[in-house]
Amino acid sequence: MSEMDLSFKAAAASETGGELLDAAPARPKIWRNILHHPGLMLGLTILGILVVLAVFAPWISPYNPYDQHLPQRLLPPVWVHGGNAANWLGTDHLGRDYLSRLIYGARVSLLIGFGAASIGCLIGVTLGMCAGFFGGIIDRVVSFILTCQLALPGLLLAMALVFLIGPSVGVVILVIGFLHWSYYLVVTRAATQKIRDLEYITAARAIGSSRLQIMVTEILPNLFSEIIVIFSLEVGVAVLAEAALSFLGVGIQPPTSSWGLMIAEGKVSVFLRPWLVILPGIFIFLLVLAANLVGDGLRDLMSNESRR
Amino acid sequence: MLRYASKRVVLAILVALAVSFAAFLLLSVATDPASAIAGEGAEPEVIEHIREQLGLNRPLLVQYGSWLLHVFHGDFGTSYYWHQPVGTLILHHLPVTLTLALSAIFVTLIVAIPLGTIAALYPNSLIDRLSLGIAVSAQAMPSFWLALVLIILFGVMIPIFPISGDAHAWNYVLPAIVLGAHSVPAVMRLTRVGVMDVMASDYIRTARAKGFYGYRLLSRQVMRNALLPVVSVLSVQLGYKLGGSVVTETVFAMNGLGRFALQSIVGGDIPTVQMLVVLFAMTFIGLTLLADLLNAWLDPRIRLA
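Chains as they are written, first to last, in numbering that gives the first Met the number 0: chain A, 0 to 307; chain B, 0 to 304.
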């Protein structure tokens, strides 16, 4: 029926699907090799720094990100003529310290990235495992749901839903999460199908384990490596989606500091003060890049393990 | 072929029905159009009256049925916000988005296919690594940010392209680059994998043994087979472009469907938003169906599977 859509998704997700599946049964000892993978190390470092900034934001940021100093509006960063060392990266249109707002923006982005990726993971993995394990009519129904989900214009629907329900961090997480689970589904479905017929599953069945038990205790642990790769990539997708929503004014609302919103606020004077747009963009870029590097890197390590 | 095609068409129709119902349901539940039209602080009686007038107090399934019936008769409803038929509004905004999406696909192709092919012919070379780097960076860049950086660059430093509007062909250059860049990584990777697979196949070895080499080998034997998967993904990418047009058109102030969709959302114009979501989904379903049928026609193994 909808094998074509599945194979397309798998092709689009090209390397992940194929190579990871081969690695599925053996749990790879990857931690040793992480240090020797430059891309993965770079990704983990950037991600680590951003997580530290987000968690310890109240202690790290030089000012309160919501404090307005109207006489000191739109100060340039320290390296531009007219900048001063008190506000390293200058101030925004309300005189709020830009560096502090960027640091607090990491909180919103990471929260939404991890939150939405977790919700997507829960939906996608559950559906994927059921489709792969039971097969038959359940598989067909899940495939049909997947085909429908892929056909929906994600960004447009997310914008409409978030704005109409009422924009808040929670709603953004829920909506983005509920619209991004197809990747988990495709990969876990294929991996479950491969594992389902292995001998140890038959053995587990023979000693009287229930289906649910088998799925949770025997199959799920073997999907862990695939899931963590997709999770990492989906964090990047969710961060980009939130940034786009907030930029368009239908996501995070002021005065909360979100990088996408900061770009929207700085857009007005983009020619006079390009840094207002460029700085938050660099932060978004770094976070998404880090998430993608970690995902790609873990995938590399796992497929290398399996070739040995 | 006929059997396969009819199966695919039936599935596409089922998906179209399910998707339109989902879009209708989600957007109807998310908000109350009656109080949106009545405005803030309206009397409950006024809201109730509007609800009655628009038939919003009927069961959702009935509302969906009557909406579907109207759509089949070519009546796409009337916009709450613009006070015009939704169909007319969509037709008015369609040309800009269509032109933009096609130019974006063109940008994707002229960048991604050469890069992917060269990367595949010289694996692990400098250019392979460089193109991989470009792909990874392009995926991490928010499209609206890329748009603004291009605006800064071309608006101030090298003012050769216009940075807003949709009146001339030149207006489409920067938006097409932004929208096209988004698909470059996917198409490039697919081309790279495709070319590598084909180069390693037996029939290419045979062709080489027969004396084919260089450009002739590439154009006659390799590309034709390597680009098959790219063709089918392109149709799907074109569907994504429609959704991506929201951001691009807004930044570059182009009067297309994407910007129109955003304005309708912010205006709380449910019938228009519903119709746009359904229209984008239908385009996607249609293109995927076309790609499937094209693939099956080109490759008989798919039909029999």
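Fair warning: there could be bad hints in the mix.
Okay, the calculated beta carbon distance ranges per label pair [said to hold, decoys possible]:
(1) B:61 / A:268: 47 to 55 Å
(2) B:128 / A:51: 58 to 66 Å
(3) B:121 / A:54: 58 to 66 Å
(4) A:34 / B:81: 55 to 63 Å
(5) B:126 / A:77: 36 to 44 Å
Not the full set, but computed from the structure, chain A residues with beta-carbon under 7 Å of chain B [stated by the list, open to error]:
(6) 155
(7) 162
(8) 291
Residues of chain A clear of chain B, computed beta-carbon distances all greater than 12 Å [said to hold, decoys possible]:
(9) 43
(10) 101
(11) 133
(12) 142
(13) 148
(14) 200
(15) 204
(16) 215
(17) 239
(18) 281
(19) 292
It should be emphasised that the hints constitute simulated quantities derived from the structure, not laboratory data.
Using N, Cα and C, we set each Cβ at its ideal position, and we do this for glycine too.
Going through the hints against the structure:
1. B:61 / A:268: 47 to 55 Å: holds, 51 Å
2. B:128 / A:51: 58 to 66 Å: Violated - the Cβ-Cβ distance for residue 128 (chain B) and residue 51 (chain A), about 30 Å, lies outside 58 to 66 Å.
3. B:121 / A:54: 58 to 66 Å: For residue 54 (chain A) against residue 121 (chain B), whose Cβ atoms are near 44 Å apart, the range 58 to 66 Å is violated.
4. A:34 / B:81: 55 to 63 Å: holds, 59 Å
5. B:126 / A:77: 36 to 44 Å: Roughly 38 Å apart at Cβ, these two residues keep to the hinted range, so it holds.
6. 155: holds, 5 Å
7. 162: Since the shortest Cβ distance to chain B is 5 Å, the answer is holds.
8. 291: At 6 Å from the nearest chain B Cβ, residue 291 (chain A) passes the 7 Å test, so the hint holds.
9. 43: Residue 43 (chain A) clear of chain B: closest Cβ-Cβ about 15 Å, beyond 12 Å.
10. 101: Holds, because the least Cβ-Cβ distance between residue 101 (chain A) and chain B comes to about 14 Å, which exceeds 12 Å.
11. 133: About 21 Å separates residue 133 (chain A) from the closest Cβ of chain B, which puts it past 12 Å; holds.
12. 142: Incorrect as stated: the minimum Cβ-Cβ distance to chain B is 10 Å, not above 12 Å.
13. 148: Answer for residue 148 (chain A): violated, closest chain B Cβ roughly 9 Å.
14. 200: holds, 26 Å
15. 204: Check passes; 30 Å lies beyond 12 Å.
16. 215: Given a closest Cβ separation of 30 Å, the condition holds.
17. 239: violated, 6 Å
18. 281: Violated, since 9 Å does not exceed 12 Å.
19. 292: Residue 292 (chain A) not clear of chain B: closest Cβ-Cβ about 7 Å, inside 12 Å.
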